Amino acid sequence: MSTTLLDRLNSLDRRWIFLAMAFAVALPILLEIGSDETPSLPTKRLFDRIEELPAGSRILMAVDYDPNSAAELTPMSLAFTRHCCLRRHKVYFVTLWGTALPMIDMTIKEVVQAEFGSGERPFVYGEDYVNLGYLPGETVAINQLSSDIRKARSQDVQGTSLDSLPMMKDVVSARDMQLIINASGGFPGAKEWVQYASTPHKIPLAAGCTGVQSTQMFPYYPDQLVGLVTGIRGANEYESMLGAKYPQYAVMSKRPASRRGGPQRWAHRLMIGLIVLGNGIHLANRYRRGTP
Amino acid sequence: MKHIPVLIASLVGFLMVFAYFVPPLLSWRQTAEEWFTIVATIAMLLGGANLCVHHLQKISDHEAGWGFSAVTLAAFVITVGVGLFKLGVVPESAKHLDHAWSGQFQQEGGGFWWIYQYLFSPVVSTMFALLAFYVASAAFRAFRAKNLEAMLLLVTALIVLIGQTKDREITSLFLPTPADGSLPWMPIADLTEFIRKTFVTAGQRAIMIGVALGVVATSLRILLGQDRSYLGGDE
Numbered sequence: 001m002s003t004t005l006l007d008r009l010n011s012l013d014r015r016w017i018f019l020a021m022a023f024a025v026a027l028p029i030l031l032e033i034g035s036d037e038t039p040s041l042p043t044k045r046l047f048d049r050i051e052e053l054p055a056g057s058r059i060l061m062a063v064d065y066d067p068n069s070a071a072e073l074t075p076m077s078l079a080f081t082r083h084c085c086l087r088r089h090k091v092y093f094v095t096l097w098g099t100a101l102p103m104i105d106m107t108i109k110e111v112v113q114a115e116f117g118s119g120e121r122p123f124v125y126g127e128d129y130v131n132l133g134y135l136p137g138e139t140v141a142i143n144q145l146s147s148d149i150r151k152a153r154s155q156d157v158q159g160t161s162l163d164s165l166p167m168m169k170d171v172v173s174a175r176d177m178q179l180i181i182n183a184s185g186g187f188p189g190a191k192e193w194v195q196y197a198s199t200p201h202k203i204p205l206a207a208g209c210t211g212v213q214s215t216q217m218f219p220y221y222p223d224q225l226v227g228l229v230t231g232i233r234g235a236n237e238y239e240s241m242l243g244a245k246y247p248q249y250a251v252m253s254k255r256p257a258s259r260r261g262g263p264q265r266w267a268h269r270l271m272i273g274l275i276v277l278g279n280g281i282h283l284a285n286r287y288r289r290g291t292p
Numbered sequence: 001m002k003h004i005p006v007l008i009a010s011l012v013g014f015l016m017v018f019a020y021f022v023p024p025l026l027s028w029r030q031t032a033e034e035w036f037t038i039v040a041t042i043a044m045l046l047g048g049a050n051l052c053v054h055h056l057q058k059i060s061d062h063e064a065g066w067g068f069s070a071v072t073l074a075a076f077v078i079t080v081g082v083g084l085f086k087l088g089v090v091p092e093s094a095k096h097l098d099h100a101w102s103g104q105f106q107q108e109g110g111g112f113w114w115i116y117q118y119l120f121s122p123v124v125s126t127m128f129a130l131l132a133f134y135v136a137s138a139a140f141r142a143f144r145a146k147n148l149e150a151m152l153l154l155v156t157a158l159i160v161l162i163g164q165t166k167d168r169e170i171t172s173l174f175l176p177t178p179a180d181g182s183l184p185w186m187p188i189a190d191l192t193e194f195i196r197k198t199f200v201t202a203g204q205r206a207i208m209i210g211v212a213l214g215v216v217a218t219s220l221r222i223l224l225g226q227d228r229s230y231l232g233g234d235e
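Sequences listed follow chains A and B, in order.
Under the numbering used here, the first residue of the first sequence carries the number 1, and numbering increases by one thereafter.
Under the numbering used here, the first residue of the second sequence carries the number 1, and numbering increases by one thereafter.
Hint data in this document are derived by calculation from the structure and do not stem from the laboratory.
Just so you have them, the derived chain A footprint on chain B, three or more residues with Cβ under 8 Å: (1) 33 to 47; (2) 106 to 119; (3) 144 to 151; (4) 155 to 167.
Calculated from the model, a selection of chain B residues having no Cβ within reach of chain A, i.e. all distances over 12 Å: (5) C52; (6) D61; (7) F68; (8) F76; (9) V82; (10) P187; (11) L191; (12) I222; (13) D227.
Nothing here was measured: the structure is a model prediction, and the numbers come from that model.
All C-beta atoms, glycine included, are put in the ideal place defined by N, C-alpha and C.
Generate the whole structure from the sequences, applying the supplied hints.
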């Protein structure tokens, strides 16, 4: 490495790094470079659990995230809902985040209504899915849900009495659910569902979380969490399994996480390259200074 | 007078603990939880009022950055106003066509939905996305093997980073494929899994157990009235 080049690299303007990152992310998006993922065991266990549950099982879908983490969690939220609908499970949407209501609306609109709202056996509101909306109170709301849902709220998000909805007739609390799936973007999230619902009441719980959260969630797997989907890679794994089992979902247009796998892969490659380059410069500087 | 809040906190706290072990106390616990929701809602109103007073004070005193306070207040008032008055919301149910306010406040196409979709969502997504650029810059400038500890961290980070990408499969390219058709051995992927299962999970568990013990000790001090810092002031 010539001295001139080393000096240039030492004083490299960080805007070049920003530009390189912009290209690493933008080009795969523009060129539609997607990527499949080989399923990991924690993701596969959730997929298998939903497959094994008999049709009509009750699943509480806790959507606890906002636009901050939507890039990572929306694809998995869509995939979980899609899988539940394919298996004809009853889905109960709920959130502990005031800013997550539009996330539930979007999931219902894009998956339940658009893909399963027509045909021979369309999904009907109140019979196959319900939106319980936002429950204030964070961990207290989980407690209320686990002891008596009607204490947490007596109406759904549209103001309809829960007692008048057919799918709520035999449901008293979250303990009547066969599975809770939580898409978790922070507090309150998967950790609180483990502490206040799953562990004390023995309700099977699976979680999808952001990549950053994964280290905090893995200690709960596989005992308190039956499955764990982490970050965009986990969502990509789930979509890959869904595509393999249900060929109509193998196309990239229905796999947002797989489409994001390409940009993520190139961004990771750039990061690795930058770390290696940075350390190469560091070593060269030490050699030039004569430091061992 | 300051004994009353301490007494309420102690009684409700002990009730929540005992109700977990004594099922007949469940209805009392449920009542306490309902009260909590009501009190939390009032606290939210107080928080809103406090936010207004704080920022009005800053604007009035022309403190440094008072313009940001004006923007915060304007955003707060507009969002609350649009949501409360359901601007742009139309009746959804055929039964309530005459009632302009019968639609949901977050209805698609409504004012609140518009603010969420076109202001809140892009702003917070952008803030989060900026992380990628700063992390890349930091990785280049600061993530260097300056000593043994930093070198260990660097090597571990590189292994985990490669293990998180599809590129981990490159490490098994020259290894034989198992005869039973199962996945070939992937050194980097297996090493990543080993690091996660052994070091990361063990470390996390140690932290979690430590935090839990701390929470138990602090909770007990609060329930017994020893710790009154939650009352504010000099308590």
